[in-house]
Amino acid sequence: MAFCEYKNVRIAGVAAGVPRTIASNLTLSAERGEISADYTPEQFVELTGVKERRYSDVLTTSDLGFAAALRLLADLGWEKSDVEAIIFVSQTADYALPATACILQDRLGLSKECFAMDIVLGCSGWVYGLSVAAAMASSGQFKKILLVAGDAKRRAPQKFDPLFGCAATATAVEYAERSDGFRFHVGTDGSGYDAIIIPDSGSRNQVKPESFEMHDWEGRPYHNMMTHMKGMDVFSFGITTAPKTIKKLAEHYAFDYLSYDYYLFHQANMKMNNMIVKKLKLDPAKVPSEMYNFGNTSSASIPLLMVTQIRDQINGQNKKFLCCGFGVGLSWGTVVFEQAIKVSPLVEVDDSDVNYGYKLPEGDLSNV
Amino acid sequence: MEINEFIDNLAAQFDETSADQLKPETEFRKLDEWSSLIALSIIAMADEEYGVTLKGDDIKGATTVQDLFDVVNAKKA
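In order, the protein sequence lines correspond to chains G and F.
Using the working numbering, the letters of the first sequence map in sequence onto residues 13 to 380.
Using the working numbering, the letters of the second sequence map in sequence onto residues 7 to 83.
Just to be clear, a hint being listed does not mean it is correct.
The following label-pair restraints were derived from C-beta to C-beta distances [stated by the list, open to error]: (1) G:A42 / F:Y56: 30 to 38 Å; (2) F:K81 / G:A108: 40 to 48 Å; (3) G:P169 / F:K29: 44 to 52 Å; (4) G:V219 / F:T69: 35 to 43 Å; (5) F:K29 / G:Q329: 56 to 64 Å.
Keep in mind that the hints were calculated from the coordinates and are not lab data.
In this text, a Cβ means the ideal position worked out from N, Cα and C, and glycines have one as well.
Next up, chain F with everything else stripped away, as it sits in the complex:
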């Protein structure tokens, strides 16, 4: 699992934030567009693309895009 591919999938959950704006170190909660709606979309994306069931605490415990990637990657293994 590549982080670039993950970032593309992540960016698809946002309307106005492109993949270029998402770096591994980006703190996603600080993005203007961030909302609990997007959190639900990310849970759906992880399920659809990676077969991973994310819980609320997984999202709440992550700060950066890298953190999100790590939790999905760990659950995928």
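Bound-form chain G, shown alone:
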């Protein structure tokens, strides 16, 4: 049973960065292959709840995460030299290698005495990343940790999927004596590895010219560098797994899951999330949604809710949170905590703020 509890640790603050550019889903076209011919744009918006999303074909996840982290450090008054670890949770790394966390360590000006690593998870990623950061900080051996989580520009050009938006978040995790900390339940079912998958560009199926050939996928033209989702399987996974992990956590630690102030769920699609709320008999007023304006932002979705939907209600105030992420892997996690979190205002990033500092050197690389 994958339960864990970490005390003496808390979230000091959260921030989020998104591209300034807004892409509307009301102009989607089946002829252009942007949605299935099964839907009108209005029906797509109704089903998924995604009317618009933030998009950039220039800014990477680390560009957005960099902007969010800078804002968070400034708002918290954290010295860069005090940050002892940076964890980057994403499926859209800057490079195949090195780890993007290493790039952010330098770009943010953090000390070289810094633990840095990437975690490759999506919808469950923020909960997983938080569990790692909490484990590291709860003993006091790491005092201040930055957790950067999100997804943005993909590794190959594609017609951007209208369900997904670009965003990256920064979460400041710190050692805090006498804090009640966090309780987690996490789980994995790798038998569903192909329910959400980019088939090519890993070492199993290396990139080749055919990787970019278009084929039909659930009524839309796709190439093998795009995210293939078995919609029905993911839907049934979400509506069964999310309620189960929440109930398991509540049962294991003997608490009433209905007693929380806010339920922050991964923003998968509106139909799925409404079903989860109904099954758990939650008060919808306590379950904020951002899908209408930001779409599914992968591992950024949960902290992005704090920044864009409930900032005024929670900023600096003690509140009880239940957060649940579920999706690609298949992977899921739930965390509960009662804390006063400082929430920075949303950071909107211009395309001109792209980081060109880590371009590949030109010319012969054979001696590099």
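Given the coordinates of chain G, work out where chain F should sit on it, guided by the hints.
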């Protein structure tokens, strides 16, 4: 589990198709109103009403209303 009750639950997922129009032999994909949206609603209905987790292949492998009923019934047992 009765097929008539299942048909009532199935019809509730459609806007313009009534239970009278759904027979065990009805090929549901041929209904004018059929779409992948309704497939998701059927998955939700099976979960809610019968505690059954349907996967995409369960829906794709069914042709008639009877087939759907059979797969839900088999998973319920």
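* Asked: Which numbered hints are broken by the structure, listed smallest first?
  -> Hint check: nothing fails, all pass.
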